[in-house]
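Trainee: Take a look at the letters that make up each chain.
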Amino acid sequence: MRRITVILILLFLTVVSASAQLNVDRMFGGTYCNDPSVSEVVITGAQAKAIDKGLTRVAVFKGNAVRFGPIISKLVNADARKASGRDIRYTGGKMSYAYIAIDGQGRKNTYIYYVGDAGKASDRRALLVILEGTLSAKRQAQVIRKIGK
Amino acid sequence: MKRIILLALFALMTSALLAQNQAEPDTLLNAKNAKELIFSSMPGGVEITVNGIDSTSNNFHYNYFSSNNGKINDGDTEYFRSTKVKDILIVTADSVLSVNYRDEAGNAEYRNVVLKNTPDRQVRTWTGSGSFGLEFARSGRTSWEIVTSGLSFGFVTPTGAPKGMGIDMGRSLEWSWNAILGIEMTHGRHHLLTGLGVRFKSLVSNSNHYFFKNDDKSITMVPFEENTRDHKTGFYTFALQVPVLYKLDMGRSWLFSVGPIVNFNTGAHISSEYKAGDVKHKFTTSKIGQRPVTVDGYASMTFHGIGLYVRYSPMKMLRDRANLDFGTFSTGLVVAF
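Heads up: the protein sequence lines correspond to chains A and B, in order.
With the numbering used here, you'll find the first sequence wraps up at 149, consecutive numbering, no jumps.
With the numbering used here, you'll find the second sequence wraps up at 337, consecutive numbering, no jumps.
Be aware that one or more of the hints could be misleading.
In silico BS3-like links for lysine-lysine, alpha-carbon gap of 30 Å or less [what the hints assert, rightly or not]: (1) A:82 with A:94; (2) B:71 with A:82; (3) B:163 with B:86; (4) B:280 with B:163; (5) B:213 with B:232; (6) A:82 with B:35; (7) A:82 with A:49; (8) B:163 with B:213; (9) B:232 with B:217; (10) B:71 with A:94; (11) A:82 with B:86; (12) A:138 with A:108; (13) A:74 with A:138; (14) A:49 with A:62; (15) A:53 with A:82; (16) B:316 with B:287; (17) B:280 with B:213; (18) B:232 with B:275; (19) B:275 with B:163; (20) A:82 with B:84; (21) A:82 with B:116; (22) B:316 with B:232; (23) B:282 with A:74; (24) B:163 with B:316; (25) B:316 with B:282; (26) B:213 with B:316; (27) A:49 with A:146; (28) A:74 with B:71; (29) A:74 with A:108; (30) B:287 with A:94; (31) B:217 with A:82; (32) B:32 with A:108.
The hints are simulated quantities; they were obtained by calculation from the structure and are not laboratory data.
Just chain A, same shape as in the assembly:
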């Protein structure tokens, strides 16, 4: 009985911690690494600070827009519910742009940037960028432009 109680508590904690995470984080960790169109980069610590002093984490996911656009759109929409600010645009019924700011209430802020049709016409890519830290909107735009190339 005690063992089952422990299992239940662990399960509960797992669910609680999972709900605290970003939904878009599911795009990372090698889930889609078998797809040749996918590239994912996660930068933390000193290397993130080298990009900008206010950054603690940067995550960039690029992949085929047709395949990954609908997947990322769904996750972005889920994270938008926690946001203090959101700017979401749809073109032709598909999410084409999203910018979401999640206020960390004095701790780390999270910014999610998504473009559904990045890249050249022959190679439409979905681009997802997660920035964690404290950056001005202007600086975010500069960082995203730099790392999104």
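For chain A, the structure is supplied; the task is to place chain B on it using the hints.
Mentor: Below, chain B without anything else, positioned relative to chain A:
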């Protein structure tokens, strides 16, 4: 007992799945009071502004617009403004936007708007005292900026100099600040810089001769007197300079710069020194007849703002009457901030 545990497990899993279900209402604003609530609904969009949330300077904004003049709202056009509102709750669920609040008199009010998910639409909502969103400078856009740029230190050697001049590159130095104050035009990866800078240049000889200005203003090399030592002679020039540099951002923090630099040579002199016994002698000759305006070719390559430069001055440094024709070449380190 097992049944209860299984049920508990099932309930837990279900709740986990439900937590990810996006059909739940999305609470956009839940505030106790606000200074005013402005609501505007048209066929092309809905706009809500709530100012002074919970007695702070924070405002709430909600914009839902169709991009291509489509209709996102079948309801009537409506506009209202209500002050000193309380218990404000703005929620979206499925395609319904629901605005609930109590007016100043305490009456419960609400508006429900059915939003059509037109293919081209934009939804913006944020809380704060400023604006919200990212603005990317378009790559095709040209921007202008006041800058300071290019501090460099290098070594100089004469080109086309007569034999026996004996200029020592290791002792001939150049300091320059390409643009103490300049203006830089940026167009994508391309930059064009101009401004006003300064340059100090010395050409120091280690031979046993010194540069001497004759009465006819020609400059010749005259041997130091015998029984003297520690000889040193050289040209020292100062110029105000106007660079016109093209810069190319090559990516990965590499920057290439190239272009002419116009020098206004406002000062130049010859300085020579030697020791006779234990006494050090130094004499300076001014008005040596430097060319007032010369043009140099400049190029640099930097990585993370630090790199190498080369600078070629093909024009003669001195006027014809000096009868000492030479240009200069210099190279060294540059900090391209």
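Trainee: For each hint, tell me whether it holds in the structure or not.
Mentor: Quick rundown of the hints versus the structure:
{"no.": "1", "hint": "A:82 with A:94", "in the structure": "21 Å, holds"}
{"no.": "2", "hint": "B:71 with A:82", "in the structure": "28 Å, holds"}
{"no.": "3", "hint": "B:163 with B:86", "in the structure": "93 Å, violated"}
{"no.": "4", "hint": "B:280 with B:163", "in the structure": "28 Å, holds"}
{"no.": "5", "hint": "B:213 with B:232", "in the structure": "16 Å, holds"}
{"no.": "6", "hint": "A:82 with B:35", "in the structure": "24 Å, holds"}
{"no.": "7", "hint": "A:82 with A:49", "in the structure": "26 Å, holds"}
{"no.": "8", "hint": "B:163 with B:213", "in the structure": "18 Å, holds"}
{"no.": "9", "hint": "B:232 with B:217", "in the structure": "21 Å, holds"}
{"no.": "10", "hint": "B:71 with A:94", "in the structure": "17 Å, holds"}
{"no.": "11", "hint": "A:82 with B:86", "in the structure": "23 Å, holds"}
{"no.": "12", "hint": "A:138 with A:108", "in the structure": "18 Å, holds"}
{"no.": "13", "hint": "A:74 with A:138", "in the structure": "27 Å, holds"}
{"no.": "14", "hint": "A:49 with A:62", "in the structure": "22 Å, holds"}
{"no.": "15", "hint": "A:53 with A:82", "in the structure": "25 Å, holds"}
{"no.": "16", "hint": "B:316 with B:287", "in the structure": "16 Å, holds"}
{"no.": "17", "hint": "B:280 with B:213", "in the structure": "21 Å, holds"}
{"no.": "18", "hint": "B:232 with B:275", "in the structure": "10 Å, holds"}
{"no.": "19", "hint": "B:275 with B:163", "in the structure": "25 Å, holds"}
{"no.": "20", "hint": "A:82 with B:84", "in the structure": "27 Å, holds"}
{"no.": "21", "hint": "A:82 with B:116", "in the structure": "23 Å, holds"}
{"no.": "22", "hint": "B:316 with B:232", "in the structure": "23 Å, holds"}
{"no.": "23", "hint": "B:282 with A:74", "in the structure": "81 Å, violated"}
{"no.": "24", "hint": "B:163 with B:316", "in the structure": "16 Å, holds"}
{"no.": "25", "hint": "B:316 with B:282", "in the structure": "27 Å, holds"}
{"no.": "26", "hint": "B:213 with B:316", "in the structure": "17 Å, holds"}
{"no.": "27", "hint": "A:49 with A:146", "in the structure": "15 Å, holds"}
{"no.": "28", "hint": "A:74 with B:71", "in the structure": "24 Å, holds"}
{"no.": "29", "hint": "A:74 with A:108", "in the structure": "24 Å, holds"}
{"no.": "30", "hint": "B:287 with A:94", "in the structure": "75 Å, violated"}
{"no.": "31", "hint": "B:217 with A:82", "in the structure": "82 Å, violated"}
{"no.": "32", "hint": "B:32 with A:108", "in the structure": "26 Å, holds"}
Of the numbered hints stated above, those contradicted by the structure are hints 3, 23, 30 and 31, listed in ascending order.
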